Amino acid sequence: MEPIDKNLFGKDLICTQDWAFEDLLKVLDLAEEMKANRFEHPYSNSLRNRTFFMFFYNPSVRTRQSFECAATELGGHAQFLEPKAMRLKTATTAGETIEDAAKVMSRYAVGIGIRILEDKISAYGEGDALLKEYAYWADIPIVNMADDKFHPCQGLADIMGLRRNLGKDLRKKRLLMVWGHGALARSWCSVQENLLISSRFGMDVTLAYPEGYDLDPEVIEAVRENCRKNNADFSTIHDPYEGYQDADVVYCRNWMSPQAYRNGEFDKQGEIEKALKYPEWICDAQKMKLTRGGKGLFIHPMPVDRGHEVTDEVASGPNSIIYEVAENRLHVQKAIMALTMGIRQK
Amino acid sequence: MEPIDKNLFGKDLICTQDWAFEDLLKVLDLAEEMKANRFEHPYSNSLRNRTFFMFFYNPSVRTRQSFECAATELGGHAQFLEPKAMRLKTATTAGETIEDAAKVMSRYAVGIGIRILEDKISAYGEGDALLKEYAYWADIPIVNMADDKFHPCQGLADIMGLRRNLGKDLRKKRLLMVWGHGALARSWCSVQENLLISSRFGMDVTLAYPEGYDLDPEVIEAVRENCRKNNADFSTIHDPYEGYQDADVVYCRNWMSPQAYRNGEFDKQGEIEKALKYPEWICDAQKMKLTRGGKGLFIHPMPVDRGHEVTDEVASGPNSIIYEVAENRLHVQKAIMALTMGIRQK
Amino acid sequence: MEPIDKNLFGKDLICTQDWAFEDLLKVLDLAEEMKANRFEHPYSNSLRNRTFFMFFYNPSVRTRQSFECAATELGGHAQFLEPKAMRLKTATTAGETIEDAAKVMSRYAVGIGIRILEDKISAYGEGDALLKEYAYWADIPIVNMADDKFHPCQGLADIMGLRRNLGKDLRKKRLLMVWGHGALARSWCSVQENLLISSRFGMDVTLAYPEGYDLDPEVIEAVRENCRKNNADFSTIHDPYEGYQDADVVYCRNWMSPQAYRNGEFDKQGEIEKALKYPEWICDAQKMKLTRGGKGLFIHPMPVDRGHEVTDEVASGPNSIIYEVAENRLHVQKAIMALTMGIRQK
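Protein chains in written order, with the numbering used here: chain V, 1 to 346; chain E, 1 to 346; chain A, 1 to 346.
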């Protein structure tokens, strides 16, 4: 049984920042091939009769649909598991250790996807740390299906969409990552991952948000460093209009504030109330006219909170690539699974 | 990639009444072929590595089992999804629109099945309308897995069973559709679908129920019109015995009254109490003796409420075809999926 | 369509004690073959496009993972079903009978696995009786995925592990089955099944537990009889140290007392409190030094309650075969499914 890619076989994917640039290109190139030849690609059965475990600490539709489809399209099967059904040991209850759970799962499956977000943890970073603990004990790849810090599959899907629409070389293309008001108190994972991977690909980055909505300073420092290495611009502003000027891409999305955790609890309601006080932070057609040639792309990881983050006119308009990017999730995930878990079939 | 049936490929199935008679025959003929050659039919891999989404607003066992088996037997995979895990927009909460959900799902899967019944809506017809909204936005077929009005897969399974047992030509065969007392306050979907498709196939129809248990008048008008076109009889009676006379088929099933919704709520308990007041509305051996030659078939979409709707003696008797019809669900659903979603494999 | 094994095709597996010794060897031999040749064995597609239903009255991770993987690795699909979604008839509610449910499922699938434990029943034995009722009505094999009395797949996985590590002939090897203190109030199924199958294979058996923790007297009588037929020793002691002397295998596991049911309810909390009063009933390195050559194997069906049943030092030590045995679940279940449900593929 020969792996498809000897170097990537068995490799975890917690954040794109952990992977070499060349390896990200491998994923994107294979994803393009698989998009062009969805069911008859040479690797279309590279997971034949094999199992990928999906662990949903948080429920999800898009992520579940796209991962389960991805495994199916590679001839394998994704098992939908909810850890609440697992009798895992916690600080206060008897149960199984992650060591034991991960070691046994490594005997059954070829990979494990894990999703854990804000409301299942007591402080920022705990979700990502849990993934790393699974990765430490498991002998098979851990794929981050979105944690409180990162969302690598979304980031790769974003870049695949941008390269299709702006050309493969994204250097000096300008990204506006802008906070959107809204009623969902959203995670930092998608926006942080996008900032990291966009800056790896040499884009100029403008990050815009109201005072008080800082993201993780360590992540922002890494983004700044990525830009520096690529001689690209990076700037932070607190104005809802200015960043649109000459942007090639607008990514408008709500995210929670760093004050979201209080006394070890995620204060979703408080975050929503606070966020709804900034109605001018919406992406609308008026602002989009300021983008490069008035034709800047609109991108979003979905689900879109229409009317809050963005108007219908923009989200369903001709320069919105939201459905294409959502579809890309399938293709990049197939490519990741094939490269890290797949076997060449005779 | 060549579709199995170019005309039916991509076609929604919300109600059999929407389909041409010839297309219903195509389904039934293919279902018979697939029953005869369950795992080695030329279309046995026509969904190879492909995904069918099953959306269960209401849980179900029979429907889930038979659809998930159907996809598996065609080489594909049916994903079990519960929309409560979807952050869908409603009148009062932020979330994703059906437009967005349906458009993305169209990128991942080859078809979507939806099931939604009385207790998930606030007025009769809303479930069927929801299916039509999905069908409007989706680029892939929507299959009705039972809504508040119709249940096309059950109707086709019924007819497949009748044609096996009574001969392919059902014209002038007599159907008694009779209300049964019981403790389950059942949907109108199965009985309305059966009335529609039985009358398409030229059967004489007697509809019997206690005063106050009228079905949807628009549906009944369509049944009457189907009968008229086929020169068949249609009559409505309110007597629990009379309709058995010379019936070839007895379909005895509980259904709720048109008063089931009050102030936008489904009053299940009230319906059950009311229905239990009609113990004479049970299908028993005594009544079945009145059927044609005393050998009328007993048919029911299951689960059977034994002791209320029908006696054990009849349900498990020699003229009951309930298990055969339940099995037919699998075969007709495989045929529907192959014809509307399937690809010829080399 | 030719079955893989004409004699075993269609056979239920409720307890290993019901099967001929030669048939248990068939399972173990095929499981070894499948372990050696996991994805390219001649029977690797013997469930191609076929469905195995998994009925979880109780949730489970290990059992679900290993059965769903097993079906996938044989080219089939295991459907995860929770009977709470089934409208089954009970003593007090209307619904479907087991007769009807089992007969219809027999039309859709090639086998049914059922798991039902203490907390879903009102008295010991009811779970096992429910499996036998399904087996009575179903035309396809029922596989016990753990009930309140037996756990045949675990027992076979245990023996597969012992034969790998101690040699195929287990006669006169000494097993210590010892109660462990703990906070999980565990079922009798795994330990009773292990006692039964270990004694079938000719092992000497020492059963050790605190006064008041008797297992099912009928099962113990069957174990005693198995030992007698094999000229092997069987003894019961109530000392937490003595049984380790010269043991080849130590199986240390918590189990509930026969007083667990009071007034038709499973008193889990009471059982946990009682069990925690016996801290000397833990398997530790000190005791393991008493085993044969100080190298007795540690075995456990997992999940392990570390710190209660066994110390980390032993559970993760060089003579622990817990992960190997957990992996064996997959292989023996594939073998069972292939032999009782599988078809030779051309």
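FYI, nobody ran anything at the bench for these hints, they're computed from the structure. Some hints here could point you the wrong way.
Said to hold, decoys possible - Below, in silico cross-link-like pairs of lysine to any residue (SDA-like), each with a Cα-Cα straight-line distance of 20 Å or less:
no., chain 1, residue 1, chain 2, residue 2
1, A, K274, V, G95
2, V, K346, E, K346
3, V, K103, A, K35
4, V, K35, E, K120
5, E, K84, A, K274
6, E, K6, E, S44
7, A, K11, A, D139
8, E, K84, E, S44
Everything numeric in this text was worked out from a predicted model, so none of it was measured.
Here is what the structure says about each hint:
{"no.": "1", "hint": "A/K274 <-> V/G95", "result": "holds, 18 Å"}
{"no.": "2", "hint": "V/K346 <-> E/K346", "result": "holds, 18 Å"}
{"no.": "3", "hint": "V/K103 <-> A/K35", "result": "holds, 17 Å"}
{"no.": "4", "hint": "V/K35 <-> E/K120", "result": "violated, 38 Å"}
{"no.": "5", "hint": "E/K84 <-> A/K274", "result": "violated, 41 Å"}
{"no.": "6", "hint": "E/K6 <-> E/S44", "result": "holds, 18 Å"}
{"no.": "7", "hint": "A/K11 <-> A/D139", "result": "holds, 10 Å"}
{"no.": "8", "hint": "E/K84 <-> E/S44", "result": "violated, 33 Å"}
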